[in-house]
Structures are given as C-alpha cells and as structure tokens.
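Residue strings, one per chain:
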Amino acid sequence: MSQRYEIRFSGAGGQGLILAGVIMAEAASIYDGKQAVQSQSYGPEARGGASKSEVIVSDSMIDYPKATVVDALLALTQEACDKYSHDLKEGGILLIDSDLVTKQPKGNFKVVSFPIINTAKNEVGREIVANIVALGAIVALTGVVTRESAEKAVLARVPEAFVELNKKAFQLGYEKAAAAM
Amino acid sequence: MAFDYDKYIRPGKLPHIWCPGCGHGIVMKGLIRAIDTLGLEKNNTAIVSGIGCASRLPGYLDFCTLHTAHGRAAAFATGVKMARPEMNVICVGGDGDGTAIGGNHFIHACRRNINMTYIVMNNNIYGMTGGQFSPCTPTGAKASTTPYGNPDPAFDVAKLAIGAGATFVARGTAYHATQIDKLIVEAVQHKGFSVVEILDDCPTTYGRRNKFKSVIEMMNRLKDIAVPVKAAEKMTPEQLQGKIITGVLFKEERPEYTAEYAKVIERAKGGK
Amino acid sequence: MAKKVAFLQGNEAAAQGALYAGCKFFAGYPITPSTEVAEVLSAELPKIGGKFIQMEDEIAAMAAVIGGSLAGSKALTATSGPGLSLKQELIGYACIAETPVVIVNVMRGGPSTGMPTGPSQSDVMSAKWGTHGDHPAICLVPASVQELFEETVRAFNLAEKYRTPVMVMPDEIVAHMRERIVFPEPGELEVIDRTAPSVPPEQYKPYDTKFGDVPPLAAFGSGYRFHVTGLNKMDDGFPTTKAAVVQAEEERQVRKVDANIDDIVKFEEYMLDDAEVAVVAFGSTSRSARFAVNEARKQGIKAGLFRIKTFWPFPEKQIKALSSKVKALITPEMNLGMCTVEVRRCAEGKAPVHGIFRVDGEPINPGQILDKIKEVK
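Residue numbers (the working numbering), protein chains in the order written: chain G, 1 to 181; chain Y, 1001 to 1272; chain F, 2001 to 2377.
Bear in mind the hints are in silico, worked out from the structure with no lab data behind them. Be a bit skeptical, because a hint or two may be false.
[Unchecked claim] Below are the DSS-like pairs computed for lysine-lysine, each with C-alpha atoms no more than 25 Å apart in a straight line:
| no. | chain 1 | residue 1 | chain 2 | residue 2 |
| --- | --- | --- | --- | --- |
| 1 | F | Lys-2309 | G | Lys-66 |
| 2 | F | Lys-2003 | G | Lys-89 |
| 3 | Y | Lys-1243 | Y | Lys-1142 |
| 4 | G | Lys-152 | F | Lys-2309 |
| 5 | F | Lys-2374 | F | Lys-2302 |
| 6 | G | Lys-152 | F | Lys-2242 |
| 7 | F | Lys-2024 | Y | Lys-1269 |
| 8 | Y | Lys-1013 | F | Lys-2242 |
| 9 | F | Lys-2210 | Y | Lys-1013 |
| 10 | F | Lys-2003 | Y | Lys-1269 |
| 11 | F | Lys-2350 | Y | Lys-1269 |
These numbers were taken from a predicted model, which means no experiment stands behind them.
Start from the sequences and build out the full structure, keeping to the hints where you can.
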C-alpha cells in the first residue's frame, strides 16, 4: 500500500467508534511507522443519531485530512449505513452488523456481515466492547495495519481491568471477519 | 505628629483629577491610613481599578498599580492573585464600573471568595462621562440620561455582594471618614473576598441635577441617613426607611479560592 | 533515548506546546471547538504548580491572563469566534499595555453563533482589525497537529520577545483532527522569556525606550513597582495626552511588529520553482491545496503551493514576488475572500487572483482546487 487508504467507522453516538478510529490510527502511526490522521463528527451528532470517525493511513505524508473516496466502511446501524456509504469506492469493503443493517446499499463492494454487537454482548460478555470487535474485523479485512500493532494499540488504551475483555473482543472480531471473507 | 500621607503617594502625581467636594479623596486617604495600619509592603501590594473617576485612584499611590478597562478590575485582579497568591490585592472603583459593566466579574469574585478587597466608591452616578444614571442611582433621581427622573430601581451593593457570596461586607460613608480605614483594615485582614462600599457624593454631576445646594448639604445627608449596625438592630423597618446601615454588615468563614487551588495543585502532584 | 511520540488531537497539541513554552497560567471560558485546550491544561498545569482558572466569561478570561502575565506568568487563553469578538477590547489593552499573552482561537463558522462545530477560516480579519485603534497584530495559522504544537511555542516566544498579544488560529479541522506528534526534547525548540529589567527598581520605567522598541518588563510582586494603564501612556506608564508622546508611542507599538517582519513571518514554498499557477493557502485548506498540486503535477500542469504560516503580519513581500513569477494565483479559503483580498493587494495586478470560497461547514476539497488549477493554467 503506497497510496492513502481511507477507513470510516460509523454507527450511533456512544458506540465507541471514535475510540475505534483513534486506536486504528495509533496502530498505524505509532506501532507500524506509517502516517495516519483521524477525524470525527462533533457536536450533537456525536451524541446520538449517526456518527462517524474517519482514519486515513498512508506510507507517505497525508495532505488532505478528510475522506475523499472511502476504501472501507464500518456501519453499525442502518442510519449510518444509509448516510455514510455514498462515497464508498467501487471494490471497497463494507462491514455491517447483520442484525442491525438489513438494507444494504447498492454498489460494487465486498460486503462482510456478522452480528457485531451480539458477538460483543453474548460471546465476549459486554456490549460495550462492540467497537473493539468491529476494530478487530476491520483490521482483518483491510490489512492496513498488522494484527500485532492493532492489539498493542488496543491494550495501550484500555484500563488494566479490561485487558482480557478487550483482547477477546479484538480476537473474535478478527477471526469472524477473516472467516467471512 | 500628623499622619504622613506622602509616604504612600507617588511623587509628582498630584493634584488628582477629582472635583472639589468629591468624596473619592476621602476614601483614598482612608485607604492609605488602612494600608499604613496593616503595614502592607508596597512591592507586595497590587491596587487594581477599572474605568471612571474612582478608578484613577491607583495612579496616585506608590504600589503595583493596574488601571484596567471599564468594569474589569476584579477579573484582572483575579489573574494577578492567581499568579501571585502571596500578594495583597485591593480593587477600587465606582458603582457603575463595578456593578453594571463589571457586575459579572464582581459577583463571581464574590462567589469564588478569592482573597482580595474590593472598595466600591458609590456616588450613585457615572461621573467621568458626565452624570448618566448608574445601577445605583436612586429611583426618581435626575441624571443626564434620566431627564424625567430615573425609572430604574437601584442596586444595594452590599446586599448584592452578600447574595453573591462575599464573606466580608461592610459599608461606610465619606462623611464618616475615620471609620473608613477601620472598615478597610478589617476587610483586608479577612481571608476571602471582602467588599467595602463607601457612599460618597458627586456634587458636579449628581448634586447639581438633584437640587443639592452645596457639598455641605450632600455631606450632611450622608451623616443623617447613616445608621450604625448596632443602632439599626433596635430600630423598626419604618424607622429605617430612607436610612442606610453602616459598619460590618456581614462576615463569615468559607474556604478561600487560592488556598483551595493550592489543594488542587497538591492533588494533581499526588496524581489523585 | 527515543523521543516521546503520541497520537494527539490538535487542541491537545496546542496545550502541550504551551506547557513546553513555559506557560504557567491559563484562564478561559468553555467554547466549542477550543475547549480541549482548557481541559488538558486544567489537568496538566497544577501538576507543575501552574494555575488554571475557568472564568465567568470570555472577557474575564482575557482580563485574567493579562493580570497573570503582569504578575510574571506566561499566560494563555483559548477561545473561538464569538469569544474572540468578546475579547477584542482587552486584546487592545494587551497591545497598548504591552503585555505578552497568547490566544488560541479555533476558527469555526460565523458571524455570531454560526456553525459551532463546522470548520472555518473567517476570523483572520478579526485577528488583525478586531480591536479598535491602531495596534500590532501577530497571527499564526498552523496546518498540522505537530505544527500546532510548534507554533504555540513560537507564539509564546513572539509574545515574550515583542511584549504583545499573539494569536494562534487553527481552523476547526486542524484543532480537532488527530495525528502523530513527536515531542521535541527540552531545549530542542527555542523558548524565549521576556527581558527582565537590568536597572534597579527606582530607575525602572515599564516603557523605557532607552532599551529599544521593546522595553524590559518587570513583574508585579518581584520588587518592581510600576503603573499599567490602557490609556495612552508615557515611558513611566502614566497616562498622557501630550501629542508628540502619544504619536511616538503608538508608532512604536506598531513598529515592534512592522520592523521585525522577517523574524515573524514564516511560510512554506512547495513546487514553486517552475510553477505557472500558484495556490496560496493556509491551515487545513493548504493540505487540500497540496493534494491538488500533486495531482496537477501528475497531469503535467506546473502548479505550486505557497503555504502561509504567519497570517499577520502578512507575507507581503513574498506574495508580491510570487505574483510576478506566475500566470495566476488561486486562493482557496473557508470564508468569502479574506485572504484573497490581501493576496490581491500584494499582487498589485501582476497576476490574476482566483478565489475559491466555502462557508458551508465543509472543507474545500482537493478536487475543487484541481478544477480551478486546470481552468486558469
């Protein structure tokens, strides 16, 4: 990957997508030695409704810091999927929660779906780590950052008491996405 | 031996700008005597003011003096005090400066209970700009902007300060000159935000318009309406009609802001 | 030892830059999109014995930082458009009283409440003309998180060096995006402190031009007593209306900046050597411009970028030279033509200046700039 790669994490405010984006960008820029920029929606939008966190990763200097054409899109809600899939590029990756996004946008994308939130709730044990399940899946699907770096970045961000929980969430997300590819 | 005011006055800065009959000079002398009694060190004392006749006071005194913008004395002073909590900080200013344009800063300084003294020289008028009504102009009074009499109700500065959380509030008048320094001494000694309201007069822009025949008449009015706290306690509301109560009106102990912030520093350094 | 690296938001980097520069006092009032500067400093300043205070309003915050600075602390406030409007009178006070302070103003949409979370670059004229009267203006417009850190350090240096308020004005995009930042080691970036008086207290005058256009500044409480006022003043700090003194003092205040433009003005030239079309841009818009210039080059168009890092004083000399070298200038900006007016003034008709203006809360994207490059080449 020599050019910029754009990832958008979207869903509802409060689902931890900003953090997921930040961790992805940290994995790239601190642990993988690449360049990364993260930006997000602010204001009322970030506290409910559809919200997004965008990450651009590149081997070289990133000039324009916002998304141009999105290479990979995560959508955890139908509203986010409807609102933020318009600039997903042809041949790009669309990761959706199979329980919550039932209407897929039309287009030539690689669609991967599995019950992300339910995986967090039932298999990891806490719905709150759905963002990390999704992050694991995005890491597996995009290959923009290494699995090791992403795991390091996750663990650097979570309090001691939640390390195992997040490790498990990341692993399950990674494996389910890899299997669904 | 007569009291040596010159010790505290900057050489060459007098005469002051105040008109004959203005009470601000009486307050300044009271402040000087108070500072002398307290033994405040010149280098370690900041006198801060806003804009207006009363706010010219700091320029005459030989301390660290800061003549700020209209209404902003308490806010500038808060910055000085935060940066150097060991300094004595005294704000001086008029009623319009402190309670209209600077009202927000005044009440929040009261609320924080930051250790400084604010002296309000209340002459019921904007003097420097030529006699427009202030929030302390009595209802019905004439000012250059109330040619038909003032429709606004007036602030009670002391009550405002007490309501906002000042922990020491006193009131005096320019007539009761020897009481002024005593009130200021007690105010400065108090740990917290202290307010001293001194009623004085502006013969030039207020007296003239409100049918006072002379400065003496205005001074006598201050004498007549002032009732000391002790005496007021024994009087009925009817008897107190038209009077103002003087002396220390309110005093309480409450955590002081810079001391509380010192605890914040301790907690931050301790990582808690 | 490897340098400390972090992935930081722009506003966080501004706060860290302030700490690097030796900031010991912050007074502010919450306002989007600058609040993170206050949040970080509320946590970090007390750790080093510094002071943070949230004031009752924007005006009070500006007043408090001037007071704090006069008492000897390097002082910062942070705000955004509406807050900048409220601070204007006291910014003028800091100019005439010659008090070093730094103001981080994150640019959001306006006028009035406008679009609080939308990016904008429409405060650049307020930075220059906002306060009444003639006064010096220094305004830095960083374009990345790293640069926001470094320019905040530089803002403190300029404020201290020239005894004047300095503004750092990232647009909302630069202030809110996150990027990797490499922390400079202590001593790696220059840190300038105000010049302390060399004379004993009894000889000290706060505006004594015997020491040059920027007289030494003592601190309240340090053994020096002096008077500070917002009135036109004499060398001893006391008010005057003497015509000759007022004229000379006002001219000196402005000259502190005007005579040091080469020290203050920073810019970056990218692919301009053989450029036929030059894009003049700043802040996050300059990043779109760089993207567009790279694309144009790929298509064989000789495009280049002049990136403004110091908006005030404006890089007049450089724009003038540039305009006689290129066929056309393009000025993309998130306002309705504020930088364009300046560029046009400097170009003196030697090259046409084509603005691209956007005030809809969306960034100017590279495609818009590329289209314009193709149109005017």
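Among the hints numbered above, which are violated by the structure, and what are their numbers in rising order?
-> Going through the list in order, the structure violates hints 2, 4, 6, 11 and respects the others.
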